[in-house]
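Can you make the complete structure from the sequences, with help from the hints?
Protein sequence lines correspond, in order, to chains D and R. When the letters of the first sequence are read in order and numbered with the working numbering, they come out as residues 1 to 612. When the letters of the second sequence are read in order and numbered with the working numbering, they come out as residues 1001 to 1278.
Quick caveat, the hints were computed from the structure, so don't treat them as lab data. We treat Cβ as the ideally placed atom computed from N, Cα and C, and that holds for glycine. Treat the hints loosely; a few may be bogus.
Stated by the list, open to error - In silico lysine to aspartate or glutamate, EDC-like type, Cα no more than 20 Å apart, as pairs: (1) R:K1067 with D:D593; (2) R:K1141 with R:D1162; (3) D:K608 with R:E1077.
What the hints assert, rightly or not - These stretches of chain D come out as covered by chain R in the derived footprint (C-beta under 8 Å, 3 or more residues): (4) 318 to 325; (5) 409 to 421.
To be verified - Rough simulated footprint, nothing fancy, chain D against chain R, three-plus residues with beta-carbon under 8 Å: (6) 1002 to 1013; (7) 1024 to 1037; (8) 1044 to 1054; (9) 1069 to 1081; (10) 1194 to 1205; (11) 1216 to 1228.
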Amino acid sequence: MSEDFNNNKTIQAQSSETISGGGSGITPDMDYVRPAEVGEQDLYHGHSFITKWIFCQDAKVIGVQYFLLATFTGIIGLILSWLMRLQLGFPGLAPFMTAEHYYQFVTMHGMIMVVYFLTALFLGGFGNYLIPLMVGARDMVFPYLNMVSFWSFFVAVAVLLASFFVPGGPTGSGWTLYPPQAILEGTPGSGWGIMLMCISLILFVAGFTMGGLNYLITVLQARTRGMTLMRMPLTVWGIFTATVLAMLAFPALLVGALMMSLDNVLGTSFFMPTILKAGEVLEYGGGSPILFQHLFWFFGHPEVYIVALPAFGIISDLISVHARKNIFGYRMMVWAIVGIGALSFFVWAHHMYVSGMNPWFGFFFATTTLIIAVPTAMKVYNWILTLWRGNIRLNTVMLWCLGFIVTFVNGGITGIFLGNVSVDVPLSDTYFVIAHFHMVMGIAPLMVIMGAVYHWFPLVAGRFLDEKLGKWHFWLTFLGAYSIYFPMHYLGFIGVPRRYFEMYDSPYVTSAVGMNEFISLAAFIVGAAQFILIYNIIKTLKTGKPAGHNPWQACSLEWLTPTVPPEHGNWGDRLPIVHRWAYDYSVPGAKEDFITQTTPPSEVAHTKVEKT
Amino acid sequence: MHVGIIFFLVILGSVLFHIFTPWYWTDVASNWGGMDDTITLTFWIGGGVFIAVCLFMIYCVFKFSYKKERKAEYKPEDKKLEKILTWATTLGVAALLAPGLIIWNQYVNVPKNAIEIDVMAWQWGWQYRLPGEDGKLGTTKVVNINDNNPFGINLDDPFGNDDVMIQSDVINLENNRPVKILLRSVDVLHNWYVPQFRAKMDAVPGIVTYYWFEPNKTGEFEVLCAEYCGVGHYAMRGGVEVQDKQDYDNWLQEQETFSDLIAKQKILENEKTKLAKK
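Below, the structure is given as structure tokens:
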């Protein structure tokens, strides 16, 4: 690999000569790459421990910081889910599980997992680490802003967790925070809890906007020479499009949180109609609870894709590398990502079919929702067609990819049930919904995260994670999670409503007791299995097998840095020059089964590369 | 090798679970059997796609596992195949959407002969109001609600006087007669849901929402609140008793109207003032 890099240097020297010399003939014309339009950025180099590792401006370190903090909050979310399952499977076993606590745990679990774990991890974690490396930039374009982004996230998490210790505890209004109940007594944490939740979300959105601007402008402005948009790895496309969605969707959450705070503190009535509480008419009037739901889901639905699109992108790259085959239908994949992103702004009210909004909206939102199924299905076809006639390495990374395909298709198809307005009526607000969204945006993205961790760990730490532990981790997680959520759909068919602290003597749900116990046991095992990864990482950092350069024989730029792990500035003296897309695997006539993005055409002139 | 086998067993297990599951929906007790049919149709098409995709994946795992000497195929695109798949998917999706929309059209259009029922929700309970002989419910306001006027009926609305008031969480319905459920809440969101009827809708404070169904099985059913409404959500139950016309009419006769209540309260007040005078 170091050889390749040396070649790049010479090529770059030659091509600049070509430009100045007007084609003096030293470089073959086929290797010509347009010169860069802007000069290189000056980087801030930290020298002390604090500027290097804490208030750091290197996107890679910020990415790892995001990753660790998101994982930490994710573990809290996991523990909360254990407590919930303890109550649902074995009601009364834990004396501290009151209804108040149960609803607080439900709320915090949901919010933590969706926003503070998945969103932060995909965009803040993978986005920061991978974007500059994959597009051939030295860093994000606004490193200082990037640092502030992480620390805003840090404060947001601190405020969120602080709500466990305030009077009344955290809010127990469900992760959707629907008013009026979110700010009325009768819901746990209706005073301090909901305030801190709103403040934390506002901080998160502010911090996230700083990070998001960085991702967008880095992708648009800081790509290296030859890295056209249609040569970018799909990971970058996924994160880029998700960030565009985030920039448009998070403001709706922001104003929703602000207006609800005003209703709560100043007594405005944005979302509050006339309310009778314990025989007293409250001093509210004229507000609309459904307005909040529109704002929330205008954020909430794109949010699903803010998590899903980076996952789509990453999984495409993982499958391609480990099947030793180009991603099938790259252009279709790009347009599917962009199309899904655009459509995701026109489907939000499918979360509100039975909310009491004008029911005639149902026709429109059912149609848009089912249209989204088409580009999504195309992506699934292209993933499995990438496996077709590939040369599939069945390593841990590939196992997570296969697990992703199964869980994502399963969850996607139950989405067609729920999106199809009249089918949603009997199923909405039941365990079918819980099973659906955990499968499609809980387990499926988790499979991608895990695959990505096993795939890129050798780059970040320079060592391979242990394969044997990885396989145990995968099988326990995949089989366990599938046996949690697949049967759970059937609870929904019976009609068991979600957000029930206990079912006690309901006549037609007593039959569900056995299943609830089974699901809880599976949940304990799956949760515990995640600690295998933590053990694996600690073990690997000490004694893991060194990975060396480009250990997976990948084509994309992040593996082609002069040092592994990449240093601050990523590229040593000279930026790489890109000559092709990121997927030239198993090209007929090539010596190896991959041609890196930096390999100039003249070096592989005898191969049958398609022009990209 | 074992990877493909385990994935295959997962798919096989899913199919077997679906066939032999003891957990399935309750017998439908309303006109919305069409919703069940659409679910079944979605199961066939969606389940078929799920199985096909997974089996294809498993086949690839068996057939194209890594061999050092083999090279993968190099084929960046196949426009024709992509086109066929796009259109086939679009067709499948349309086939699912169409029946869904047809049933939704029935759901939002209430039959003219439906009897209106005012379902009033609060944290945490239900009560019901039926129109009297005039066939119309009186209008209401949250601020009117007090012990003498539990439903908050506007006193100047002539339609309100004969309204039948059921201050209980159980309501009786007439079999085979469509009902239009008018939902309102005095505090937070609720949702009046009977799984056997399939239908549901949120009750939203500040507005009146609706849905309709026609019960077609006599018997007792449990009402569940299906929209999270605070710590008492899980305990917010009610009941429905579906009766034949004769039984239902008898039951209806025994219920109190709003004017009965006002009259009763007047007598009580008079007695109170008499007592006070003594």
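Given coverage of the region 1002 to 1013 of chain R by chain D, tested with a Cβ cutoff of 8 Å and a minimum of 3 residues: Our answer is that it holds, as 5 residues pass the Cβ test (under 8 Å) against chain D, meeting three.
Chain D covers the region 1069 to 1081 of chain R, three or more CB atoms within 8 Å, holds or violated: With 10 residues closer than 8 Å to chain D, the region 1069 to 1081 of chain R meets the three-residue bar; holds.
Coverage assertion for the region 1216 to 1228 of chain R with respect to chain D, Cβ distance below 8 Å, three residues required: holds (count 6)
Chain R covers the region 318 to 325 of chain D, three or more CB atoms within 8 Å, holds or violated: Per the Cβ count (3), the hint holds.
Holds or violated: K608 of chain D to E1077 of chain R, with C-alpha atoms at most 20 Å apart: Distance ~14 Å between K608 of chain D and E1077 of chain R Cα, so the pair holds.
Proposed proximity, D593 of chain D with K1067 of chain R (alpha carbon, max 20 Å): Answer holds: K1067 of chain R to D593 of chain D is near 12 Å, not above 20 Å.
Annotated coverage of the region 409 to 421 of chain D by chain R, confirmed only when three residues or more have a Cβ within 8 Å: holds (count 8)
Given hint D1162 of chain R paired with K1141 of chain R - CA-CA distance at most 20 Å: Holds. K1141 of chain R to D1162 of chain R sits at ~17 Å (cutoff 20 Å).
Chain D over the region 1194 to 1205 of chain R, status - at least 3 residues with CB closer than 8 Å: Answer holds; 10 residues pass the 8 Å Cβ test.
Assertion that chain D covers the region 1024 to 1037 of chain R - criterion: three or more residues, beta-carbon distance below 8 Å: holds (count 7)
Coverage of the region 1044 to 1054 of chain R by chain D, judged on three or more residues with CB within 8 Å: holds (count 6)
In the structure shown, no violation is registered for any of the earlier numbered hints.
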